[in-house]
Amino acid sequence: MLTAHKIKVFQSLDKKKFRQKYNLFLVEGNKIISELKNSPYKIKEIFSIEPSELSFLKSETHLITERDLKKISFLKTPKDSVAVVEIPETKFLQHPKIQIILDGIQDPGNLGTIIRLCDWFGIEQIICSQDTVDLYNPKVIQSTKGSFTRVNVFYTDLEEFLQKSDVPNIGTDMTGENLYQYHFPERFNLILGNEGNGMRPNVEKLVSQNITIPRFGNNKSTESLNVSMATGIILGQIFSKF
Numbered sequence: 027m028l029t030a031h032k033i034k035v036f037q038s039l040d041k042k043k044f045r046q047k048y049n050l051f052l053v054e055g056n057k058i059i060s061e062l063k064n065s066p067y068k069i070k071e072i073f074s075i076e077p078s079e080l081s082f083l084k085s086e087t088h089l090i091t092e093r094d095l096k097k098i099s100f101l102k103t104p105k106d107s108v109a110v111v112e113i114p115e116t117k118f119l120q121h122p123k124i125q126i127i128l129d130g131i132q133d134p135g136n137l138g139t140i141i142r143l144c145d146w147f148g149i150e151q152i153i154c155s156q157d158t159v160d161l162y163n164p165k166v167i168q169s170t171k172g173s174f175t176r177v178n179v180f181y182t183d184l185e186e187f188l189q190k191s192d193v194p195n196i197g198t199d200m201t202g203e204n205l206y207q208y209h210f211p212e213r214f215n216l217i218l219g220n221e222g223n224g225m226r227p228n229v230e231k232l233v234s235q236n237i238t239i240p241r242f243g244n245n246k247s248t249e250s251l252n253v254s255m256a257t258g259i260i261l262g263q264i265f266s267k268f
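Position 77 of the sequence shown, counting from 1, maps to 103 under my numbering, and the rest follow consecutively.
Everything labelled a hint here was simulated from the structure, so no lab data went into it.
Predicted model, so just to flag it, every value in this text is computed and none were measured.
Backbone N, C-alpha and C fix where the C-beta goes; we use that ideal spot for every residue, glycine too.
Just so you know, not all the hints are guaranteed correct.
[Said to hold, decoys possible] Across the chosen pairs, the derived CB separations fall in these ranges:
id, residue 1, residue 2, range
1, 165, 70, 19 to 29 angstroms
2, 81, 122, 28 to 38 angstroms
3, 213, 185, 16 to 26 angstroms
4, 211, 96, 48 to 58 angstroms
[Claimed, not checked] Here are the computed lysine-lysine pairs in the DSS-like style, where the Cα-Cα straight-line distance is at most 25 angstroms:
id, residue 1, residue 2
5, 70, 96
6, 165, 34
7, 123, 190
8, 123, 47
9, 190, 97
10, 190, 41
11, 165, 57
12, 43, 84
Using the sequences and the hints given, assemble the complete structure.
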């Protein structure tokens, strides 16, 4: 049952402090909710105007009106359902072949797209600085299109992590070795910096090699590529050689 108290709690989950307080986040839309079926995420309950489409999920599903759906949705145009999901304990995967390292990524759409790209290319883990946008931000979850269920995202002190890493730390910058001429090692960390400032100086000091995406157009006025766009280009080049 959707009570006034639950509505208040769900509406507060757009903020990280309340997601942490209640240990909950929201997943919207039957298509993305269905991705939770074979994942470790535990659904607490579902509120839906089309509950029959989610009958394969062993969760308590409540039929609600479109008006009530709008009260708990973070979307301008609410979809068919909202699932209330428990935030699991964080985990760290040991010794993956390639890891994406994110230093201060702030835009939820960028993080969501990078998670989708990692899912597409089979990268199992993303390591994030503590100030990178929260995985369970509603805009991040929505933009992953369900890929968050298959890519492990771990937040930590990046400097400490990179100092202890036993694989090369490869940075991305406007200056560096040409991506298309660089020979990637078998195992490495690929570091992507903040949208406006790039990698922090203390992180850049721990980089063993910088790579860059060369410009091929005659017009050199473009300042830089969007970080998620750059990630896609780099991963496409990496895996074209496998």
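Results of checking the hints against the structure:
no. : hint                          : verdict
1   : 165 x 70: 19 to 29 angstroms  : 21 angstroms, holds
2   : 81 x 122: 28 to 38 angstroms  : 36 angstroms, holds
3   : 213 x 185: 16 to 26 angstroms : 20 angstroms, holds
4   : 211 x 96: 48 to 58 angstroms  : 51 angstroms, holds
5   : 70 x 96                       : 19 angstroms, holds
6   : 165 x 34                      : 19 angstroms, holds
7   : 123 x 190                     : 16 angstroms, holds
8   : 123 x 47                      : 35 angstroms, violated
9   : 190 x 97                      : 46 angstroms, violated
10  : 190 x 41                      : 32 angstroms, violated
11  : 165 x 57                      : 16 angstroms, holds
12  : 43 x 84                       : 29 angstroms, violated
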